[in-house]
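**Q** Sequence:
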Amino acid sequence: MWLQFADGRCGIVDFSDDLWGEDLAPLRDRVTFEEIKLNEGLATLSWERGDIDISPSYLYSKLESVQ
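Going left to right, the sequence shown walks through residues 64 to 130 as my numbering numbers them.
If you are wondering where the hints come from, they were derived from the structure by calculation, not from laboratory data.
A portion of the hints provided could be inaccurate.
Below, simulated EDC-like cross-link-like pairs (lysine to aspartate or glutamate); rule was C-alpha separation at most 20 angstroms, straight line [to be verified]:
id: 1; residue 1: LYS100; residue 2: ASP86
id: 2; residue 1: LYS100; residue 2: ASP114
id: 3; residue 1: LYS125; residue 2: ASP77
id: 4; residue 1: LYS125; residue 2: ASP81
id: 5; residue 1: LYS125; residue 2: ASP70
id: 6; residue 1: LYS100; residue 2: ASP116
id: 7; residue 1: LYS100; residue 2: ASP81
id: 8; residue 1: LYS125; residue 2: ASP86
id: 9; residue 1: LYS100; residue 2: GLU111
id: 10; residue 1: LYS125; residue 2: ASP80
id: 11; residue 1: LYS100; residue 2: ASP77
Given the structure is predicted, the values throughout are model-derived calculations rather than measurements.
Between the sequences and the hints, there should be enough to build the whole structure, so can you do that?
**A** Pasting the structure below:
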């Protein structure tokens with residue numbers, strides 16, 4: 064997934080290895096994964112199915128390509 068953060072850093076965040084854990088298992092389904100939303104109240108990426116939230120600090124730490 065390509066993300067840009069408020070400080071201008073941007074890049075690819077690959078957390079596909081994490082999808083094999085039990086908590087993120089629902090995201091293995093492409094349709095579910097594509098239901099991603101920005102939860103502005105929590106400042107997280109969220110999916111309703113599976114009640115999943117991923118924090119920006121975690122995503123920031125996973126940046127692969129920084130421009």
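**Q** Work down the list of hints and note, for each, if the structure agrees.
**A** Here is what the structure says about each hint:
1. The straight-line distance between the Cα atoms of LYS100 and ASP86 is roughly 17 angstroms, inside the 20 angstroms bound, and the hint therefore holds.
2. Of the supplied pair hints, the one linking LYS100 and ASP114 holds, its CA atoms being roughly 12 angstroms apart against a limit of 20 angstroms.
3. Using a Cα cut-off of 20 angstroms, the hinted pair LYS125 and ASP77 holds, with the two alpha carbons roughly 7 angstroms apart.
4. As the CA atoms of LYS125 and ASP81 are separated by approximately 11 angstroms, the hinted pair is consistent with the 20 angstroms bound.
5. The suggested pairing of LYS125 with ASP70 holds, with an alpha-carbon distance near 16 angstroms, which does not exceed 20 angstroms.
6. Restraint check for LYS100 and ASP116: satisfied, since their Cα atoms lie roughly 9 angstroms apart, inside the 20 angstroms limit.
7. Only pairs whose Cα atoms come within 20 angstroms are accepted, and LYS100 paired with ASP81 is accepted, the gap being roughly 19 angstroms.
8. Between LYS125 and ASP86 the CA atoms are separated by roughly 18 angstroms; this keeps the pair inside 20 angstroms, and the hint holds.
9. Of the supplied pair hints, the one linking LYS100 and GLU111 holds, its CA atoms being roughly 9 angstroms apart against a limit of 20 angstroms.
10. Distance check on the hinted pair: LYS125 and ASP80 sit about 11 angstroms apart at the alpha-carbon level, within 20 angstroms; holds.
11. Only pairs whose Cα atoms come within 20 angstroms are accepted, and LYS100 paired with ASP77 is accepted, the gap being roughly 17 angstroms.
Violated hints: none; the structure is consistent with every hint.
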